[in-house]
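**Q** Make a model of the complete structure from these sequences and hints.
Numbers 23 to 394, taken from the numbering used here, label the letters of the sequence shown in order.
Because the hints were derived from the structure by calculation, they are not lab data. Heads up, a few of these hints could be off.
Unchecked claim - Simulated crosslink set (DSSO-like; lysine-lysine; CA at most 30 Å straight-line): (1) K394 / K103; (2) K265 / K300; (3) K280 / K265; (4) K374 / K218; (5) K211 / K176.
Unchecked claim - Ranges between beta-carbon positions, derived for each pair: (6) R352 / D189: 16 to 24 Å; (7) D189 / E357: 36 to 44 Å; (8) S152 / P257: 31 to 39 Å; (9) D339 / K103: 47 to 55 Å; (10) E385 / N80: 31 to 39 Å; (11) K379 / P187: 15 to 23 Å.
For glycine and all other residues, C-beta sits at the position ideal for the given N, C-alpha and C.
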Amino acid sequence: MRIGITCYPSHGGSGVVATELGKLLAERGHDIHFITYDMPFRLGKFMQNIRYHGVEANRYAVFKYPPYDLALASRMAQVAKTYELDLLHVHYAVPHAIAAVLAKQMVGEHLKVVTTLHGTDITVLGEDPSLRDVICFGINKSDAVTAVSQSLVKQTYELFCSDRPIDCIYNFVDTRIYYPRDVAHICEKYGAPHEKILLHISNFRPVKRPLDVIEVFYKVQQEIPARLLLVGEGPELPKVIQKVEDLGLTDRVIFLGKQDEVAALISLADLLLLPSEKESFGLVALEAMACGVPTVASNAGGIPEVVEHEVTGFLADPGDTDSMSRFAIRLLRDERLYQSFSEAGLARVREKFCGLKIVEQYEQIYYRLLEK
Numbered sequence: 023m024r025i026g027i028t029c030y031p032s033h034g035g036s037g038v039v040a041t042e043l044g045k046l047l048a049e050r051g052h053d054i055h056f057i058t059y060d061m062p063f064r065l066g067k068f069m070q071n072i073r074y075h076g077v078e079a080n081r082y083a084v085f086k087y088p089p090y091d092l093a094l095a096s097r098m099a100q101v102a103k104t105y106e107l108d109l110l111h112v113h114y115a116v117p118h119a120i121a122a123v124l125a126k127q128m129v130g131e132h133l134k135v136v137t138t139l140h141g142t143d144i145t146v147l148g149e150d151p152s153l154r155d156v157i158c159f160g161i162n163k164s165d166a167v168t169a170v171s172q173s174l175v176k177q178t179y180e181l182f183c184s185d186r187p188i189d190c191i192y193n194f195v196d197t198r199i200y201y202p203r204d205v206a207h208i209c210e211k212y213g214a215p216h217e218k219i220l221l222h223i224s225n226f227r228p229v230k231r232p233l234d235v236i237e238v239f240y241k242v243q244q245e246i247p248a249r250l251l252l253v254g255e256g257p258e259l260p261k262v263i264q265k266v267e268d269l270g271l272t273d274r275v276i277f278l279g280k281q282d283e284v285a286a287l288i289s290l291a292d293l294l295l296l297p298s299e300k301e302s303f304g305l306v307a308l309e310a311m312a313c314g315v316p317t318v319a320s321n322a323g324g325i326p327e328v329v330e331h332e333v334t335g336f337l338a339d340p341g342d343t344d345s346m347s348r349f350a351i352r353l354l355r356d357e358r359l360y361q362s363f364s365e366a367g368l369a370r371v372r373e374k375f376c377g378l379k380i381v382e383q384y385e386q387i388y389y390r391l392l393e394k
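**A** And the structure:
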């Protein structure tokens with residue numbers, strides 16, 4: 023098949039999953055065309071069967087803002103015509119689904135549109151009255167719609183009352199990249215041998231509750247020698263830095279900023295903290311499980327579909343830092359329990375979230391549409 027893929031090419035989960043899906047599809051012989059405003063950061067080196075087509079929204083005096091959605095639709099149509107694409111698979115409802123539907127109208131009904139919902143396009147943007155109708159339009163005009171968790175499927179139906187069937191296809195992890203690694207060569211860089219390493223990776227937005235990470239770590243390090251690694255950047259970062267200073271944790275917390283490659287850092291960690299208020303899936307928890315690292319997380323959104331409470335990690339209500347701290351301390355002190363969680367996580371990844379199984383689910387949808 024000849025498939026166009028559009029996503030946000032940034033460090034967010036939707037862009038990561040879209041890029042990794044495209045790479046796996048290319049490995050399986052499909053011709054993949056990424057149509058985005060920038061090169062997806064996970065695309066990396068040249069790969070056979072993959073092409074990148076940039077989108078440029080020019081500035082004109084008549085427009086207050088560059089018309090990116092129109093430029094994207096036009097570029098989608100150009101690529102679809104030139105390379106005779108079979109379908110467009112867009113990740114994130116706005117503006118990608120709308121642009122794809124418009125491109126289909128320009129190219130013809132034979133061009134199919136698959137929209138994958140990733141979370142904030144529904145749970146945040148979908149609650150904006152100025153965007154609700156256009157999101158609903160994009161969903162209803164797509165030929166197929168998927169969502170990354172059952173929780174997100176439910177929220178989409180509740181918000182939009184759409185009769186469009188939505189398939190739940192979970193995010194996945196490439197176990198050739200995420201696996202338990204020998205990271206002894208970098209351990210000394212981040213902490214002493216007797217210290218436990220806690221890790222948090224996010225975009226540091228309020229919904230991720232990064233201040234809760236600091237509260238949990240503060241309580242943990244009072245009981246266990248530990249350090250905290252923080253990966254990412256975002257609007258809450260200045261508050262996090264201030265809280266670290268206020269609690270006297272400056273020498274215990276390491277800020278690493280944005281990192282393109284996090285697999286080795288995850289393997290270095292003993293525990294992942296994910297206290298989000300909203301989370302449609304929790305890709306970083308899945309990546310941690312694939313590296314044999316348990317997670318202490320909130321029970322928000324789709325996280326319980328990834329992390330099994332008391333099997334592969336611990337879950338608590340959002341904001342309940344006391345419970346999260348107790349869970350973390352218990353897990354880090356009990357070697358037998360820790361090993362059980364680690365092994366259960368690895369098995370869960372193999373059984374439910376491996377790339378091969380997930381890509382086959384998408385292929386089934388593609389073939390179903392093209393056979394109509």
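**Q** Do the alpha carbons of K265 and K300 lie within 30 Å of each other, as the hint requires?
**A** holds (22 Å)
**Q** Range hint 36 to 44 Å: satisfied by the CB atoms of D189 and E357?
**A** The hint (36 to 44 Å, Cβ to Cβ) holds, given that D189 and E357 are roughly 41 Å apart.
**Q** A range of 15 to 23 Å was offered for this pair. Does it hold for the Cβ distance of K379 and P187?
**A** Cβ of K379 to Cβ of P187: about 21 Å, so the range 15 to 23 Å holds.
**Q** Against the 30 Å threshold, does the CA-CA distance of K394 and K103 hold or violate the hint?
**A** holds (20 Å)
**Q** Are the Cα atoms of K280 and K265 separated by 30 Å or less?
**A** holds (20 Å)
**Q** Lying within 31 to 39 Å: is that true of the beta-carbon distance S152 to P257?
**A** With Cβ atoms ~22 Å apart, the hint is violated.
**Q** Tell me if the beta carbons of D339 and K103 are separated by a distance inside 47 to 55 Å.
**A** holds (51 Å)
**Q** Could you say whether the range 31 to 39 Å given as a hint is met by the Cβ separation of E385 and N80?
**A** Since the Cβ atoms of E385 and N80 sit about 36 Å apart, the hinted range of 31 to 39 Å holds.
**Q** Within 30 Å, alpha carbon to alpha carbon, are K211 and K176?
**A** Since the Cα atoms of K211 and K176 sit roughly 44 Å apart, the hinted pair is violated (cutoff 30 Å).
**Q** Is it true that the CA of K374 sits at most 30 Å from the CA of K218?
**A** Judged against 30 Å, a Cα distance of about 29 Å means the pair holds.
**Q** That 16 to 24 Å hint for R352 and D189 (C-beta), does it hold up?
**A** With a Cβ separation near 38 Å, R352 and D189 fall outside 16 to 24 Å, so the hint is violated.
Figure legend: structure checked against the earlier numbered hints; hints not met, in rising order: 5, 6, 8.
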